[in-house]
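Take the sequences, apply the hints, and build the full model.
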Amino acid sequence: MLEEFTEKINIAFKKLRGLATINEKNINEPLRDLKRVLLEADVNYKVVKSLMEQVQKKSLGQEVIRSITPGQQVIKIFYDELKKILGNSTSEFIMRPNNPMTVMIVGLQGSGKTTLCVKLSHYARKKGRKPSIIAADPYRPAAAKQLEIMGKATNIPVFSRITEDLILSTKENIEDAKKSGYDIIIMDTAGRLHIDEEMMDELVELKQEVVPDEILLVTDGMTGQDAVKTAVEFQKKLDFTGIVITKLDGDAKGGAALSMSAVTGKPIKFIGIGEKLGDIEVFHPDRFASRILGMGDIISLVEKAEHATDRERELQKKLKLDNFTFQDFYDQIQQLKKMGPIQQILEMIPFGGKSLKGLKIDDKQFVKIEALINSMTKEERENPRIINGNRKKRIAKGSGTNIEDVNRLLKQFIQMQKMLKNFSRFGLKKFGKMQTLFGGI
Amino acid sequence: MKNEFEKLKDSLSKTRKGFLSRIIGILGKKRKIDEEILENIEQILIEGDIGFSASMSIIENIKEKFRVNKECDSDNLFLFLKEEILKMLENSESFQEEKLGKKPWIILVVGVNGTGKTTTIGKLAYCYKNSDKDVLVAAADTYRAAAVEQLDIWRKRANVDLIGTQQGADPAAVVYDSVKAALSRNVDVLIIDTAGRMHTKVNLMEELKKVKRVIAKIIPDAPHEVLLILDANMGQNAINQAKEFLKATKVTGIVLTKLDGTAKGGVIIPIKLELGLPVKYIGIGEDISDLEIFEPKRFVEALFSF
Ligand SMILES: Nc1nc2c(ncn2[C@@H]2O[C@H](COP(=O)(O)OP(=O)(O)OP(=O)(O)O)[C@@H](O)[C@H]2O)c(=O)[nH]1
Ligand SMILES: Nc1nc2c(ncn2[C@@H]2O[C@H](COP(=O)(O)OP(=O)(O)OP(=O)(O)O)[C@@H](O)[C@H]2O)c(=O)[nH]1
Ligand SMILES: [Mg+2]
Ligand SMILES: [Mg+2]
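Listed in order, the protein sequences are those of chains A and B.
Numbered by our numbering, the letters in the first sequence go through residues 1 to 441 in order.
Numbered by our numbering, the letters in the second sequence go through residues 1 to 306 in order.
Some hints here could point you the wrong way.
[Said to hold, decoys possible] Here are the simulated SDA-like cross-link-like pairs (lysine to any residue), alpha carbons at most 20 Å apart as the crow flies: (1) B:K210 x B:Y176; (2) A:K152 x B:K87; (3) B:K180 x B:D134; (4) A:K276 x B:L204; (5) A:K276 x B:D170; (6) A:K145 x B:E149.
It should be emphasised that the hints constitute simulated quantities derived from the structure, not laboratory data.
Dropping the structure here:
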């Protein structure tokens with residue numbers, strides 16, 4: 001199944017990879033494949049739709065990265081959108097030092113709340129905190145007993161006295177826990193449906209009375225389309241602070257996670273990956289994006305694209321493309337000389353995917369140019385248009401060349417300026433032409 | 001991005017209009033079946049967790065029947081859709097509460113974690129008890145904390161007997177004891193609870209096979225029924241669950257729990273299509289009487305309403 005899935009996504013990506021230019025027609029089919037992949041991963045329909053619209057919009061209006069194909073770029077846009085929804089970085093579960101903190105655990109029936117209480121205690125204890133658990137589920141048969149047994153087995157204290165007045169006894173339990181010096185107090189609540197008004201109101205009251213520092217919504221990682229409704233309702237009533245996705249140790253893709261963070265904007269803080277104490281992990285958005293897409297291949301591609309973007313940006317910074325002056329040209333040559341033989345450097349620069357192997361550039365070609373520029377005044381370098389007949393004579397004399405050389409340089413420089421302006425719009429491919437400019441000097 | 005999703009959120013929190021009124025809303029009374037209508041139907045099907053493939057094949061059938069761009073009556077379209085899905089669930093309809101052909105009638109209950117196995121056993125025991133059967137339940141979930149205590153509370157509510165041991169004991173041993181007890185006490189029904197387990201965990205699935213072998217060793221044609229408990233909230237992963245549990249234990253039917261929420265449980269459609277597994281009961285709450293026989297017609301109605 002997992003292979004089948006990866007196969008599918010690979011086909012979708014292959015189609016994208018092959019695209020040379022992106023238009024509304026040819027992007028449709030691969031996007032539809034991606035949509036299918038997401039839906040089969042249980043990402044909510046509306047979330048998928050909205051995501052695909054974003055990807056399409058951004059793909060069509062994209063600023064082209066020259067070294068990868070447009071199709072590859074769509075994949076990167078897609079991956080970035082996924083990460084944007086999931087949160088761009090890990091959202092820490094912050095435990096302020098020297099400050100007792102209360103955490104309320106909520107969610108649907110059977111999602112893994114009680115288990116999480118114990119796992120989270122274990123996590124906190126490993127970080128040097130003193131956790132305890134408050135049982136606040138009076139409904140589920142043997143709910144408190146479950147906590148007591150687990151607490152005993154793991155040596156985590158459980159305050160499980162529940163009276164007729166759930167709110168009051170819970171508050172008393174919390175007070176007791178604080179007095180006993182526990183500094184992270186985790187409250188287990190009963191599973192409930194988001195549409196159960198009465199039960200949701202109970203949580204609202206509990207929140208008002210206890211004023212927890214964190215409220216975590218626990219969701220089964222195998223959940224389907226309905227995850228968004230649960231998330232939205234719990235958010236409306238409780239405005240929880242984070243999401244925990246459990247049972248990701250199976251082969252579920254966990255699309256619910258994506259749906260829930262998309263509709264609530266709340267971070268996913270932990271994932272549950274088993275029934276045991278230590279089966280809890282901090283949530284990593286990028287790893288999760290890969291899980292949903294099921295690929296390692298894609299990551300390297302995206303990294304390559306990212307890397308290429310950086311390199312291009314650097315290059316562009318060096319070449320002030322829109323207003324290129326003789327001074328820039330001169331600096332550029334110095335830069336190139338510092339970096340090593342020019343031939344080698346040009347081979348490293350990607351030109352629309354191809355390197356410039358075979359393109360012959362002689363370092364000596366630059367010597368004459370350098371000499372000519374050296375003979376220009378600062379003003380002339382910044383604004384070549386002021387170079388008139390007298391100035392040309394002076395420059396030729398100063399550089400040991402003749403007027404023709406100066407004229408050729410000026411003509412070619414203006415051509416180069418024009419080209420670079422286009423280049424900033426159309427990409428590095430045309431950079432190859434620069435070679436012909438040097439040729440005649 | 002946030003703005004996009006703000007809109008999304010708003011649209012989600014508004015109560016969804018009934019399918020019929022939505023379709024009529026876009027169709028008028030008579031309109032051409034166009035891409036917009038098809039997309040709307042696609043959305044309803046997929047949001048019901050029917051899954052991509054099954055939804056697409058339903059939509060293909062609509063296209064074929066109504067031919068895109070031909071005029072159509074929304075009532076007709078609606079009827080056709082419901083019938084298409086009913087056809088997919090067929091045979092399920094004929095299910096009536098099992099006549100217990102054997103004594104003791106042995107039911108093994110399996111599923112992934114937290115789907116409602118133990119609760120469903122409480123409800124089932126109560127049903128059988130109410131139809132004057134002698135019922136015994138076995139607490140063969142020896143893994144989960146307080147699983148035995150939980151089942152013990154349920155069996156008291158149902159007023160039936162329980163066979164159990166300590167947490168950490170071998171489940172096969174409890175099962176063995178319970179089958180022997182069912183025979184010696186001459187009960188009508190034995191219902192066996194098992195620990196929730198991920199269908200991907202080989203050792204735990206092997207343990208389940210062993211449990212089944214132990215039963216068959218004492219009563220060769222038992223268990224007579226193997227119920228897979230699926231949570232209606234589940235998405236497409238339920239298909240894999242069904243596949244694996246079917247392989248390990250020859251599941252005979254599904255119980256779809258938690259249908260009292262807003263999830264539709266549509267994944268039972270691809271499960272029926274791919275594996276032929278019928279749904280037998282549905283769970284609609286946490287009370288002992290919240291178990292009903294699955295009725296495809298009502299299920300399909302619910303799929304299209306909210
Ligand atoms: N495989 C797996 N099982 C888990 C995980 N987290 C919890 N479980 C299991 O899921 C089942 C339900 O867990 P609980 O912690 O009792 O769930 P709950 O939300 O407290 O349930 P209620 O209180 O009844 O609403 C148990 O069998 C747990 O062992 C997980 O990350 N992976
Ligand atoms: N709303 C609702 N809740 C249900 C239904 N069936 C079970 N539950 C709840 O779901 C939670 C888990 O039920 P259990 O019976 O413990 O599930 P299980 O499959 O035995 O869990 P494990 O043994 O841990 O795998 C409990 O809180 C039940 O009350 C149902 O039909 N509707
Ligand atoms: Mg619980
Ligand atoms: Mg159980």
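| Is the straight-line distance between the alpha-carbon of K276 of chain A and that of L204 of chain B 20 Å or less? | holds (14 Å)
| query | Are the Cα atoms of K145 of chain A and E149 of chain B separated by 20 Å or less? | reply | The given pair, whose Cα atoms are some 8 Å apart, holds under the 20 Å limit.
| said: Check whether the Cα positions of K276 of chain A and D170 of chain B lie no farther apart than 20 Å. | reply: Distance of about 18 Å is within 20 Å: holds.
| query | Holds or violated: are the alpha carbons of K210 of chain B and Y176 of chain B at most 20 Å from each other? | reply | Holds, at roughly 11 Å.
| Between K180 of chain B and D134 of chain B, is the straight-line Cα distance small enough, at 20 Å or below? | holds (15 Å)
| Is K152 of chain A within 20 Å of K87 of chain B, Cα to Cα? | violated (52 Å)
Checked against the numbered hints given earlier, the structure breaks only hint 2 and satisfies all the rest.
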